[in-house]
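Asks: Sequence:
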Amino acid sequence: MISSELLTDLLAPIGEGHIEPMAQARLQALVDAVPVALMEFRLQHGRLLLLAANAAARRMPGLGAVRNPGADACEVFDLLAGTPLMDQLQGVARVGAPLECRQVVREPGRLLLAWDLSARRVTTDCIVVTVRDATEAETLRAALAASERALEEVRRELREQTEVFNTMESLARTGHWRRIEDPGETVLLWSPGLCDIAGFEQQEWVDPERAVSGILPEDRHVFDTPRVPGAGLDVEYRWRRPDGEVRWMRSRVQRTLPRDGVQVVMGVVQDVTDEHRAAEQLREQLLFIQRIASRIPGFIYEYRLHADGGTSVQYISDAVRDFMGVEPSQVTADHGVLMHRVLPEDLPQVQRSAITSVRKLVPWQCEYRVRMPDGSVRWHMTNAIPHREPDGSVVSHGFTMDITDRKRAEQEIERLAFFDALTGLPNRRLLLDRLQRSIAACQRTRNLGALLFIDLDNFKDLNDTLGHDMGDQLLAQVATRLVGSVREADTVARFGGDEFVVMLEALAPTCKTPPPRQKPSQKKLLASLNQPFDLDGAQHYSTPSIGITLLATNA
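Each residue of the sequence shown is one higher than the last, beginning at 1 in this note's numbering.
No lab work stands behind these hints: they were computed from the structure. Every clue listed holds true.
DEER-style ranges, computed between Cβ atoms:
id : residue 1 : residue 2 : range
1  : D116      : R47       : 20 to 26 Å
2  : L189      : S393      : 20 to 26 Å
3  : W205      : E107      : 54 to 60 Å
For glycine and all other residues, C-beta sits at the position ideal for the given N, C-alpha and C.
Throw the hints in and build the complete structure from the sequences for me.
Replies: This is the structure we're talking about:
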């Protein structure tokens, strides 16, 4: 390791130090051989000026005037001139506190630079800055995010085709295993789900040799990777079932620290054949996100319940900005801002189901409404899979998607199936359903109900003389008056043509004669319908015929 004082001497221009010219040249060659960019700056009159830089710094893209000794740090780090970096570097020179940071500069659609930068003060007014290129890591992260979005779309299409919105674990077909190792014996336990996807008969105890017998020989190397105790391992491999079919498997392995001489290794295996076929070109880029279950457009997150009871969101994707109207930094600072977006009517259900998922370590799926900053209300669905970490905390990886269009489609389907298109009243189908429920309620509560059948007199003549448009206007106005003449608990339905049905519920306890409340209701309906109707500015009178029957228990 090269000391800070030596770095100062190595980077110092010839003539300023006490090293002989030959030694200076040899040491300079040594520094130039270092693959990390090294630069020395001196603080003079409030400015950081470049003293020297090695060959790696001169070759590194993004460093401006690095070949010009005496250049200001703002000119050397020209792409970062408007960032807090300059103040931080001057703080290193003034205070002496070391600096370790990552600097990333982007422009739309392109990454300009990504550096791991460190700075140390070596004398009272000089600092040494090292820069390592982190572009590859940042580029990989962006590529993996794009890959994830593509897989989300694939999974969404799969759910729409099957018309089933199950939990992610059910869709993915998963299983788990445990291997318990002690000095005298090794026990391997498989879950029924793992036996099913492997093609084995269901069994709890599995021979270790048989447990790896289906792995294709060319994929066995993925299990030979050294594993650090306490660290997880994500692998994908091909598995040949006993019937000869080859399936792609994804395994998440977790090795716990030994306790009392006993070592426990646990794993979750998922059949990802369909996903792998759709994302074959992306497989190598997705090895580190195996526990991220999000496969549809939306935002992903990592939620942690710490062993001490505290909670935090350690990561959330930038898409939360569009889906919830909040910044990712706001969520990581205080994840309660997400709950503030949920409608108060839906909040208890969301909180209750989320707590159950974390406590019982079961998959979470919840649909709820959120209010956006512009006042609009959107439907969201969140899925998450929790797992326990070796330190006792519980981590949930999940995703949220917008299902507003699906909800609207469901509502429209229900409206078309159960409501009359002209009047908006329940149709014959919904009326019959409610009538069955009302009869059952009468038998249970021993209360009376009433059914009024209303037919408009001479409606055909109106259609024949003034046209069907006028007839439709009359039907719509009749529907409005009927609804305004009954209680909210009662039902007004269009039975067909000019026929309407009013169902009155819970009128009075069962008795031998019609209850007195029935007649005022009938009179109110007649009075409402006997008033003139306004049809395109002309008054029209229409009289109804009303029949009534009682709904009562036979007891």
